[in-house]
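Top line first, the protein sequences correspond to chains R and C.
Residue numbers for the first sequence follow our numbering, beginning at 1 and rising by one.
Residue numbers for the second sequence follow our numbering, beginning at 1 and rising by one.
There's no promise every hint is true.
[Said to hold, decoys possible] 25 Å max Cα-Cα, derived SDA-like pairs, lysine to any residue:
#	chain 1	residue 1	chain 2	residue 2
1	C	LYS101	C	MET117
2	R	LYS517	C	GLN147
3	C	LYS87	C	GLU218
4	C	LYS273	R	ARG511
5	C	LYS101	R	ASN153
6	R	LYS273	C	ALA509
7	R	LYS87	C	GLU178
8	R	LYS101	R	ASP146
9	R	LYS517	C	TYR145
10	R	LYS517	C	GLU154
11	R	LYS517	C	GLY143
12	C	LYS273	C	PRO424
13	C	LYS148	R	MET510
14	C	LYS517	R	MET510
15	C	LYS517	C	ARG495
16	R	LYS101	C	ASP508
17	R	LYS296	R	ASN272
18	C	LYS517	R	ASN272
19	C	LYS296	C	MET188
20	C	LYS87	R	PRO114
21	R	LYS517	C	ASP142
22	C	LYS517	R	ASN153
23	C	LYS517	R	PHE144
24	R	LYS273	C	ASN70
25	C	LYS87	C	GLU382
26	C	LYS296	C	GLU528
27	C	LYS273	R	GLY512
28	C	LYS273	R	GLU528
29	C	LYS273	C	ASN70
Derived from the structure by calculation, the hints contain no laboratory data.
Every value quoted in this text rests on a predicted model; they were computed, and no experiment measured them.
Residues per chain are reported as follows:
2 protein chains.
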Amino acid sequence: MNILFVMYDQLRFDYLSCAGHPHLETPNFDRLAAMGVRFTEAYVQSPICGASRMSFYTGRYASSHGAQWNGFPLRVGEVTLGDHLRKLGMQSWLIGKTHMKVDAEGMARLGLSPDSMIGARQAECGFDAWIRDDGLWGQGPDGFYDQKRSPYNEYLKSRGYDGENPWADYANAGVDDEGNIASGWMFMNADKPANIREEDSETPWLTSETMRFIEQAEGDWMAHVSYIKPHWPYIVPAPYHDMYGANHVPAARRHEIEREDPHPIYGAFMANKVASAFQQDIVREKVIPAYMGLIKQADDQFGRLLDWLEETGRLTDTMIVVTSDHGDYLGDHWLGEKDMFHEPSVKIPFIVYDPRSEADATRGTTCAALVESIDLAATFVEAAGGIVPNHIIEGRSLMPWLHGETPDTWRDFVVSEYDYSVTPMRTTLGVSASDARLFMVFDGRYKLIHAEGGFRPMLFDTVADPDEFHDLGADPAQAETIARLYQMLAQWGRRNAQRVTRSDAEIDAMRGSSARKGILPFMVDGSEVATDLTVKYRGPARQIHLVDDDNV
Amino acid sequence: MNILFVMYDQLRFDYLSCAGHPHLETPNFDRLAAMGVRFTEAYVQSPICGASRMSFYTGRYASSHGAQWNGFPLRVGEVTLGDHLRKLGMQSWLIGKTHMKVDAEGMARLGLSPDSMIGARQAECGFDAWIRDDGLWGQGPDGFYDQKRSPYNEYLKSRGYDGENPWADYANAGVDDEGNIASGWMFMNADKPANIREEDSETPWLTSETMRFIEQAEGDWMAHVSYIKPHWPYIVPAPYHDMYGANHVPAARRHEIEREDPHPIYGAFMANKVASAFQQDIVREKVIPAYMGLIKQADDQFGRLLDWLEETGRLTDTMIVVTSDHGDYLGDHWLGEKDMFHEPSVKIPFIVYDPRSEADATRGTTCAALVESIDLAATFVEAAGGIVPNHIIEGRSLMPWLHGETPDTWRDFVVSEYDYSVTPMRTTLGVSASDARLFMVFDGRYKLIHAEGGFRPMLFDTVADPDEFHDLGADPAQAETIARLYQMLAQWGRRNAQRVTRSDAEIDAMRGSSARKGILPFMVDGSEVATDLTVKYRGPARQIHLVDDDNV
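Could you build all of it, start to finish, from the sequences and the hints given here?
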């Protein structure tokens with residue numbers, strides 16, 4: 001079996017027609033949902049690209065792998081999905097974005113060269129890179145945000161687009177009425193068609209690369225197909241740029257009560273630039289149709305891929321996953337971007353198709369089990385025929401759910417984290433770098449958000465208040481619920497996350513072994529241990545050794 | 001400045017005369033205490049050799065470095081004291097024991113050869129090994145407990161001791177009345193003189209090696225002088241074997257009430273082999289005089305080293321630390337060995353001599369601040385002229401206390417951990433490998449012990465009950481105290497332990513930098529950002545680039 005692990009960047013869980021979007025039709029994502037299981041309660045380990053992705057790629061919580069924000073390097077030696085799969089004979093390929101920052105200092109300390117195969121995999125988060133393109137080729141007075149080479153820019157140049165950075169000038173820009181570049185960075189330009197042939201834009205390009213990869217692939221493989229879109233810059237080529245208009249923009253899920261005496265951290269985020277922008281109706285009316293167009297294009301390209309897989313007979317032996325690294329507020333809760341823990345940000349689309357007959361019973365169903373993004377690594381290890389190394393991977397395999405079985409036990413809560421130490425909000429709030437951290441605990445009904453640094457918690461009752469407008473964190477009537485969720489967080493905080501060099505099975509095998517290797521410290525006179533372990537008195541001093549009783 | 005970091009294995013905090021032992025005179029340890037500061041409230045991160053040592057050598061809690069028991073390998077790439085010191089131009093040498101198990105699988109995954117300098121340091125916990133000898137050359141039907149070569153056995157052979165394992169036959173054995181080997185493994189032989197010339201026994205040998213190292217050392221160095229004794233096998237050569245007798249053995253600190261309905265985990269440990277042995281008066285009367293003799297020998301050898309350092313003028317530029325990796329119950333609380341969290345096990349001797357004039361004011365004083373073993377790594381980094389990398393090292397430098405300053409803030413509690421998954425007690429108790437873990441939180445008065453796996457906590461009030469006989473963990477009157485200590489444990493559980501690739505200073509430097517690299521996602525029309533960051537409309541489409549405003 002092969003695995004196609006498809007990720008879209010910043011794709012909201014509810015911007016699919018199978019998830020109930022009122023205006024956006026996504027027949028191809030829906031088709032995958034009809035072939036597999038759609039998990040309706042799936043959460044990321046962190047609502048920020050880099051941290052979330054490192055959790056997907058390691059199967060470990062952000063606090064466990066330590067790369068808690070974009071640009072925090074993943075520590076050298078951290079075991080990745082690629083390490084696990086390769087041990088099982090399955091290749092691990094990357095086609096697109098990871099947002100992984102190499103731990104150059106750690107690699108230098110260990111003498112690992114990025115040119116070596118081992119070094120290259122360390123630098124690519126355990127993947128072999130078919131294409132590595134993080135899709136953010138911003139360029140400013142201090143140079144490029146991303147110092148690596150851009151395969152997509154090279155592609156564009158080969159197709160005749162000129163200049164140093166056609167990503168910025170063509171793929172992510174329109175043209176204004178006077179014939180000038182209309183940068184996709186500016187929300188006011190989101191309704192313009194991107195200045196590029198549709199087939200050359202990012203999503204079709206990566207889809208073509210995926211097909212090109214599959215055509216030449218041999219042996220068992222997992223391919224992480226990782227699209228940059230519908231992530232900003234929010235701009236999409238024709239015909240997608242005007243498929244949707246202001247009349248298709250859902251009303252903002254926000255309430256005046258949220259702005260009355262908000263929790264200080266929520267308040268600081270509501271005051272940031274992107275929130276201020278999305279609080280303006282004009283921004284939502286410009287951006288959301290473009291966002292929908294980007295998703296519509298993604299769906300069309302996914303259909304192209306599915307059709308091709310079907311035609312080439314590959315649907316029968318390819319597991320396919322569609323998910324995202326986090327959502328997008330789009331003005332809900334007076335916020336833009338992601339970062340916090342309301343559903344539009346922390347919940348993700350999560351569809352898994354297992355081609356095997358064991359999964360026939362669940363095709364087209366939904367599953368409301370509490371799922372974490374780290375479960376995918378565990379699922380893939382099991383799909384590759386392995387036993388999940390639960391001393392390293394903290395997620396659980398979803399295979400039982402895919403095969404119509406209900407596991408004896410399942411998690412009672414999910415945890416997500418956010419480190420805002422790099423953001424301006426930390427300055428506003430005046431907290432230290434180590435205290436600029438948030439933890440979400442969600443038990444399926446109540447969502448507690450703990451903030452380090454002496455703040456009260458936030459609390460939402462998603463049954464009584466599905467829109468999460470009413471923060472109950474200061475409500476004395478909720479003391480018991482808050483205490484209960486804090487106990488869950490404390491339990492999680494004590495998890496055994498770093499004993500990565502010893503499995504439970506190895507521990508079982510260790511038990512009692514030291515006695516048989518001559519460590520016998522607890523004997524009064526030797527009568528306490530089995531005769532074959534007893535140190536024998538035999539012969540005169542200076543000629544005696546420990547002997548096995550059987551040989552005496 | 002150089003650093004001598006002297007560790008004795010299993011040396012109880014109260015078996016020094018400066019710490020109030022009623023019969024054991026340790027004038028040389030007392031001399032160091034008179035030259036420096038004796039920390040009276042110092043605790044190990046785990047009351048077991050390997051885990052405790054990995055905390056000393058990394059400056060990190062056991063749950064952070066992951067090597068939570070003897071033989072659990074320290075993960076490849078974990079940053080050690082040696083890594084920190086070498087960056088500051090200070091060598092890091094090992095003379096003796098570390099109990100470090102190499103992460104062979106991790107090294108193979110990263111292609112690191114143990115023969116290379118980098119590989120050798122990875123395999124030796126960041127040290128360059130002058131001598132690596134873990135001092136446990138037990139040998140049984142399944143071979144040697146320790147597969148490495150034994151420098152001490154080689155030394156003994158060079159001195160004419162015969163056989164494959166003179167460590168077992170001479171250094172750690174006596175001779176019985178019939179001229180047979182009387183193994184030191186058996187407590188009944190503890191009163192016999194070890195079958196070896198005193199100057200060839202382990203403690204003098206390692207002291208000589210230390211002097212040999214220092215004589216040839218150049219540049220700044222830290223040397224970890226790590227003795228195996230007074231760790232079992234409890235047997236000591238003449239004249240130390242009969243310096244103390246049953247009349248010098250302190251009464252066992254134990255109480256019948258401890259055996260009435262004990263906490264199940266404590267009960268399981270009280271029923272194990274070593275506990276059962278030490279519950280017999282005859283064992284205490286045989287073993288404790290030998291243990292005292294081993295310490296007396298250690299003190300004499302430490303005096304030899306101090307005299308030599310003084311004669312050679314090295315006392316003026318050598319920082320000296322004396323400590324231990326944990327204590328020894330010796331029958332107190334009906335227990336033997338270490339493992340649990342009563343003071344005889346978890347508290348350690350901790351004396352620091354700083355030769356510099358800044359420390360003159362504190363010479364000969366004691367300090368009752370709550371100290372953790374991980375503080376030593378931080379102290380050494382500061383002694384070497386560095387800034388403590390607090391995103392990696394979790395301990396705090398003790399330098400203020402050494403220099404007579406009171407830090408603005410200091411920790412309110414210490415944490416220690418114990419993983420008993422490998423022990424027979426896990427089987428007795430029927431808990432899973434991951435649940436076989438204990439956490440101690442001590443705030444200077446109350447000591448809470450939390451056990452995973454659904455047990456109630458244990459609680460001791462060390463003011464009202466300094467002997468720790470009365471477990472208040474089930475007392476409803478203590479609910480508030482228990483909740484308070486659990487909050488401390490929860491706070492600790494959320495610590496930021498794995499963000500090891502980004503310092504706070506680097507985070508500060510990251511702030512705002514992406515905008516200057518062209519990441520400008522939150523603009524409505526460009527008016528929101530500084531003019532030099534604004535994307536300019538300039539010229540016709542397809543010839544436009546981001547420009548610095550100054551250059552327009």
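Checked hints:
no.	hint	result
1	LYS101(C) / MET117(C)	holds (17 Å)
2	LYS517(R) / GLN147(C)	holds (10 Å)
3	LYS87(C) / GLU218(C)	holds (17 Å)
4	LYS273(C) / ARG511(R)	holds (15 Å)
5	LYS101(C) / ASN153(R)	violated (48 Å)
6	LYS273(R) / ALA509(C)	holds (20 Å)
7	LYS87(R) / GLU178(C)	violated (58 Å)
8	LYS101(R) / ASP146(R)	holds (10 Å)
9	LYS517(R) / TYR145(C)	holds (5 Å)
10	LYS517(R) / GLU154(C)	holds (20 Å)
11	LYS517(R) / GLY143(C)	holds (5 Å)
12	LYS273(C) / PRO424(C)	holds (10 Å)
13	LYS148(C) / MET510(R)	holds (18 Å)
14	LYS517(C) / MET510(R)	violated (53 Å)
15	LYS517(C) / ARG495(C)	violated (32 Å)
16	LYS101(R) / ASP508(C)	holds (18 Å)
17	LYS296(R) / ASN272(R)	violated (29 Å)
18	LYS517(C) / ASN272(R)	holds (19 Å)
19	LYS296(C) / MET188(C)	holds (21 Å)
20	LYS87(C) / PRO114(R)	holds (22 Å)
21	LYS517(R) / ASP142(C)	holds (5 Å)
22	LYS517(C) / ASN153(R)	holds (17 Å)
23	LYS517(C) / PHE144(R)	holds (5 Å)
24	LYS273(R) / ASN70(C)	violated (52 Å)
25	LYS87(C) / GLU382(C)	holds (12 Å)
26	LYS296(C) / GLU528(C)	violated (74 Å)
27	LYS273(C) / GLY512(R)	holds (13 Å)
28	LYS273(C) / GLU528(R)	holds (8 Å)
29	LYS273(C) / ASN70(C)	holds (19 Å)
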